[in-house]
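When we follow our numbering, the leftmost residue of the sequence shown carries the number 139, and every step to the right adds one.
Please note that the accuracy of each hint is not assured.
[Said to hold, decoys possible] With a Cα cut of at most 30 angstroms, we get these calculated DSSO-like pairs of lysine-lysine: (1) Lys169 to Lys147; (2) Lys257 to Lys218; (3) Lys227 to Lys201; (4) Lys227 to Lys251; (5) Lys239 to Lys218; (6) Lys201 to Lys146; (7) Lys246 to Lys140; (8) Lys257 to Lys246; (9) Lys227 to Lys238; (10) Lys246 to Lys236; (11) Lys163 to Lys146; (12) Lys146 to Lys238; (13) Lys246 to Lys227; (14) Lys246 to Lys218; (15) Lys218 to Lys163; (16) Lys239 to Lys257; (17) Lys236 to Lys257; (18) Lys147 to Lys246; (19) Lys251 to Lys239; (20) Lys146 to Lys169; (21) Lys201 to Lys163; (22) Lys218 to Lys251; (23) Lys251 to Lys236; (24) Lys201 to Lys218; (25) Lys218 to Lys238.
[Unchecked claim] Here are the computed distance ranges between Cβ atoms for each label pair: (26) Glu241 to Glu278: 14 to 20 angstroms; (27) Ser197 to Arg160: 41 to 47 angstroms; (28) Asp242 to Lys140: 18 to 24 angstroms; (29) Leu282 to Gly149: 41 to 47 angstroms; (30) Leu170 to Asn225: 42 to 48 angstroms; (31) Lys146 to Asp213: 31 to 37 angstroms; (32) Glu157 to Ala245: 27 to 33 angstroms; (33) Lys140 to Ile270: 29 to 35 angstroms; (34) Asn225 to Pro178: 20 to 26 angstroms.
Note that these hints are calculated values from the structure, not bench results.
Only a predicted model underlies this, so the values are computations on that prediction, with no experimental measurement involved.
Glycine included, C-beta positions come from ideal geometry on N, C-alpha and C.
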Amino acid sequence: MKLSVWAKKQGIAYRTAWEHFRTGKIPNAYKLASGTIIVPDEKQIPKTEFVVTYARVSSSVNKSSLESQSQRLIDFCNAKGWQTHLNVKEIGSGLNDKRKKLEDVLAKGRATKLVVEHKDRLARFGVNYIEILCNHIGCELVVLNQTLNDKED
């Protein structure tokens, strides 16, 4: 899109947008031979693959289970040929929606794949909302085991 259109979408003056372009503050923007400044739509810029594994247990009593769960996720990713960039391990109840590490993964929006062993590793309730959020930020939710009940929690 042209710089003027981008400026309107951002709610800033054209001159401010031009200054941002001149100082390199607009990523991937470029100038055509005609002098027109083009800002690529962020949705058109492909994300580089960033695979995150997420393992969770409900209490520190299950810490050994956490390690084995995490290793199973890493092994799965390796078998698929995916390089894992971040292995997140968390101890906290599936009913508790205040899990800092999961929040950070979703808030940063860098993940292209979020790999979990069971859906209930994300949350006991409301997993569908997490799936919708993942889709919205361009992240594929990969669940190894589709069974509804996980006895470890």
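Now for the hints, and whether the structure bears them out:
Taking the CA atoms of Lys169 and Lys147, the gap is near 19 angstroms; set against the 30 angstroms cutoff, the hint holds. The suggested pairing of Lys257 with Lys218 holds, with an alpha-carbon distance near 19 angstroms, which does not exceed 30 angstroms. A hinted pair counts as satisfied when its Cα atoms are at most 30 angstroms apart, and Lys227 with Lys201 qualifies at roughly 10 angstroms. Taken as a hint, the Lys227 and Lys251 pair is honoured in the structure, with Cα atoms around 16 angstroms apart against an allowance of 30 angstroms.
Restraint check for Lys239 and Lys218: satisfied, since their Cα atoms lie roughly 24 angstroms apart, inside the 30 angstroms limit. For the given pair, Lys201 sits about 52 angstroms from Lys146 by alpha-carbon distance, which is inconsistent with the 30 angstroms threshold. The suggested pairing of Lys246 with Lys140 holds, with an alpha-carbon distance near 28 angstroms, which does not exceed 30 angstroms. For the suggested pair Lys257 and Lys246, the alpha carbons sit about 21 angstroms apart, so the restraint of at most 30 angstroms is met.
For the suggested pair Lys227 and Lys238, the alpha carbons sit about 11 angstroms apart, so the restraint of at most 30 angstroms is met. A distance of roughly 16 angstroms separates the Cα atoms of Lys246 and Lys236; the hinted pair therefore holds under the 30 angstroms criterion. Between the alpha carbons of Lys163 and Lys146 the distance comes to roughly 16 angstroms, so the proposed pair stays at or under 30 angstroms and holds. A threshold of 30 angstroms between alpha carbons decides the hint, and for Lys146 with Lys238 the separation of about 35 angstroms lies outside it, so the pair is violated.
In summary, the hint linking Lys246 to Lys227 is supported, as the alpha carbons are separated by about 17 angstroms, within the 30 angstroms threshold. Distance hint between Lys246 and Lys218 is fulfilled; the C-alpha atoms sit about 24 angstroms from each other, no more than 30 angstroms. The suggested pairing of Lys218 with Lys163 is violated, with an alpha-carbon distance near 37 angstroms, which exceeds 30 angstroms. Our distance criterion of 30 angstroms between C-alpha atoms is met by Lys239 and Lys257, whose separation comes to about 16 angstroms.
Note on Lys236 and Lys257: the hinted pairing holds, with a Cα-Cα distance of about 17 angstroms set against a maximum of 30 angstroms. A C-alpha spacing of about 22 angstroms is found between Lys147 and Lys246, which places the hinted pair at or below 30 angstroms, so the restraint holds. Between the alpha carbons of Lys251 and Lys239 the distance comes to roughly 16 angstroms, so the proposed pair stays at or under 30 angstroms and holds. Proposed proximity of Lys146 and Lys169 is supported: the alpha carbons are some 18 angstroms apart, at most 30 angstroms.
Distance hint between Lys201 and Lys163 is unfulfilled; the C-alpha atoms sit about 45 angstroms from each other, more than 30 angstroms. A threshold of 30 angstroms between alpha carbons decides the hint, and for Lys218 with Lys251 the separation of about 12 angstroms falls inside it, so the pair holds. Only pairs whose Cα atoms come within 30 angstroms are accepted, and Lys251 paired with Lys236 is accepted, the gap being roughly 22 angstroms. Simply put, Lys201 and Lys218 have alpha-carbon atoms about 26 angstroms apart, close enough for the 30 angstroms limit, and the pair holds.
Taking the CA atoms of Lys218 and Lys238, the gap is near 28 angstroms; set against the 30 angstroms cutoff, the hint holds. Roughly 19 angstroms separates the CB atoms of Glu241 and Glu278, a value that falls within the hinted 14 to 20 angstroms. Under the hint 41 to 47 angstroms, the C-beta atoms of Ser197 and Arg160, about 55 angstroms apart, miss the expected range. Distance hint check for Asp242 and Lys140: the Cβ-Cβ separation is about 36 angstroms, which falls outside the suggested range of 18 to 24 angstroms.
Against the hinted window of 41 to 47 angstroms, the Cβ-Cβ separation of Leu282 and Gly149 comes to about 43 angstroms, which satisfies the hint. A C-beta distance of roughly 44 angstroms is found between Leu170 and Asn225, which places it inside the suggested range of 42 to 48 angstroms. Between Lys146 and Asp213 the Cβ separation comes to about 49 angstroms, which falls outside the hinted range of 31 to 37 angstroms. Hint check: Glu157 to Ala245, Cβ distance near 29 angstroms, so the stated range 27 to 33 angstroms holds.
Range check, Lys140 to Ile270: about 32 angstroms between beta-carbon atoms, so the 29 to 35 angstroms window is met. The supplied range of 20 to 26 angstroms is broken by Asn225 and Pro178, whose beta-carbon atoms lie about 32 angstroms from each other.
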